[in-house]
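**Student:** Listed here are the chains, written in short residue letters.
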Amino acid sequence: MTVTVLFFAKSAELAGLKEEELVAVPTPISSKDLWGLLLRKHPRLLVLEGQVVLAVRQQYVAICDQVLTLADGDEVAVVPPLSGG
Amino acid sequence: MTVTVLFFAKSAELAGLKEEELVAVPTPISSKDLWGLLLRKHPRLLVLEGQVVLAVRQQYVAICDQVLTLADGDEVAVVPPLSGG
Amino acid sequence: MSAEVRDVFKLSRDWLSVQEVVDTVSSSSCGAISVFIGTTREDQVDGRKVVGLEYEAYESMVQSELTKLCADIRTRWPSVRHVCIHHRLGWVSVGEASVIMAISSPHRHEGQQAVQYCISQLKANAPIWKKEVYDNQETSWRENSE
Amino acid sequence: MSAEVRDVFKLSRDWLSVQEVVDTVSSSSCGAISVFIGTTREDQVDGRKVVGLEYEAYESMVQSELTKLCADIRTRWPSVRHVCIHHRLGWVSVGEASVIMAISSPHRHEGQQAVQYCISQLKANAPIWKKEVYDNQETSWRENSE
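Residue numbers (my numbering), protein chains in the order written: chain A, 69 to 153; chain B, 69 to 153; chain C, 460 to 605; chain D, 460 to 605.
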């Protein structure tokens, strides 16, 4: 599958971009393995490990064994610790 | 003593005035007796009995045996149930 | 950061401005402004419709009661910075604000608690009265239940 | 009295207007409008002075998270009438509002509780981020503690 990855806040600074297409993503895939794919492309994201979660189709997903079923065009966001308000 | 009596809200409607001088008020006097003097001048205030308090020099005083020492020019207010806000 | 704090009260026969009340408590040392606005509700009472409220006050004593109230608030929540309370007098139509209060504080919890306390104590202790005015011209003095 | 209720959200790069947020929730069936304003505090962090904050958001997901939050609020406090939340994005100078929320309700207690819950949940769940910008040009991404 090809998904669109959005980077926000510190993750955008570390990755050096705000958005990219991620191609040939296997599905189903655990959120941990999806995070692993992102780390391989952007090793500097490692400093966020343990603090970051993902959002898949605008739903928060912890980085764990949870299995995700992805479709072409799905939006995946890297979500560092929130600080709104 | 001569004190200035202020009437507010329903007490002003019942007394038919907002302010008057009350002359020859004995001092010390209990708040109950002071209320009694006001009732003699304005018998229609009786409908407020049990709900009203006084304010003497801008301090609330329940109608009871509490003894007040008055001075000439003191301000006494009739305070029906509050409804600010 | 200066130690100056402000307690500002206004009894007004004009429309109340929430912007003015908020600006009065604004402080660069504070991260939170908590605000309460009391408005005239369109009530039905015994089949009569409320069209507005008529407020009156023992004005000088309102000032002294609110001064006491602010001192009390500052004892309970010492980090409270500025307090501003505007209250309408005279005629207030349905839908208009009768009271606006704002409190600034470094963090939000103390300000939110202080505003709740402030409106409860104002209703209990400030010598202010309102009568409801109905669409059939009748009126009725209200009494705060709390 | 109509059954219509409004949930209004705005992400704005301009100055936020408390009057606009309050007007959005105003209702003649309500006696209370509870408001919270979050402002940028002039902090000292490790000897550096905060001059402002830079906000960014996952805008479409903010809308969906706030929609869920309002549904949650209406389940907890069914008498809540209208909810309006405006949040700044981009550069916010010290002293300016970064978030303004207002909730109208027939009586004050439910609205005051709902506003406290609303700001706590917004901070916990809305995908919004800020970095502090210091007088020496350094920056630091923040993290809500709650």
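Simulated from the structure, these hints should not be mistaken for laboratory data.
All of these numbers come straight from a predicted model, not from anything done at the bench.
Beta carbons are placed, not taken as given, at the ideal position from N, Cα and C, and that holds for glycine.
Hints should not be assumed to be uniformly reliable.
[Unchecked claim] For lysine-lysine, the following BS3-like pairs were computed, each having C-alpha atoms within a straight-line distance of at most 30 angstroms: (1) LYS469/C x LYS109/B; (2) LYS469/C x LYS100/B; (3) LYS582/C x LYS527/C; (4) LYS582/C x LYS86/B; (5) LYS590/C x LYS86/B; (6) LYS508/D x LYS100/A; (7) LYS590/D x LYS469/D; (8) LYS582/C x LYS508/C; (9) LYS590/D x LYS508/D.
[Said to hold, decoys possible] Residues of chain A placed beyond 12 angstroms of chain D at every Cβ, according to the derived structure: (10) SER79; (11) GLY104; (12) ARG108; (13) HIS110; (14) PRO111; (15) LEU114; (16) VAL121; (17) VAL135; (18) ASP140; (19) GLU143; (20) VAL147; (21) LEU150.
**Student:** According to the definition I'm using, a residue is off the interface if its beta carbon is farther than 12 angstroms from all beta carbons of the partner; does ARG108/A meet that for chain D?
**Tutor:** At about 23 angstroms from chain D, ARG108/A clears the 12 angstroms cut-off, so the statement holds.
**Student:** Compute the least Cβ-Cβ separation between VAL147/A and chain D, then decide whether it is above 12 angstroms.
**Tutor:** Check fails; 6 angstroms does not lie beyond 12 angstroms.
**Student:** Hey, does PRO111/A actually stay past 12 angstroms from chain D on C-beta?
**Tutor:** holds (19 angstroms)
**Student:** Regarding the assertion that LEU114/A does not contact chain D, is the least Cβ-Cβ distance greater than 12 angstroms?
**Tutor:** holds (16 angstroms)
**Student:** Please settle this one: SER79/A was flagged as non-interface, so is its CB more than 12 angstroms from every CB on chain D?
**Tutor:** For SER79/A, whose nearest Cβ neighbour in chain D is about 9 angstroms away, the distance does not exceed 12 angstroms, so it is violated.
**Student:** Is the Cβ of LEU150/A farther than 12 angstroms from every Cβ of chain D?
**Tutor:** Given a closest Cβ separation of 6 angstroms, the condition is violated.
**Student:** Could you let me know if the closest chain D CB is still more than 12 angstroms away from the CB of GLU143/A?
**Tutor:** violated (8 angstroms)
**Student:** Between LYS582/C and LYS86/B, is the straight-line Cα distance small enough, at 30 angstroms or below?
**Tutor:** holds (22 angstroms)
**Student:** Would VAL135/A pass as off the interface with chain D, using Cβ distances and a cut of 12 angstroms?
**Tutor:** For VAL135/A, whose nearest Cβ neighbour in chain D is about 22 angstroms away, the distance exceeds 12 angstroms, so it holds.
**Student:** Just to be careful, I want the Cα atoms of LYS508/D and LYS100/A compared with a cutoff of 30 angstroms; is the pair within it?
**Tutor:** violated (39 angstroms)
**Student:** Between LYS469/C and LYS100/B, is the straight-line Cα distance small enough, at 30 angstroms or below?
**Tutor:** The hint is violated at about 34 angstroms.
**Student:** Does LYS582/C pair with LYS508/C here, judged by a C-alpha cut-off of 30 angstroms?
**Tutor:** With Cα atoms ~23 angstroms apart, LYS582/C and LYS508/C stay inside 30 angstroms; holds.
Checked against the numbered hints given earlier, this structure breaks hints 1, 2, 6, 10, 16, 19, 20 and 21; the rest are met.
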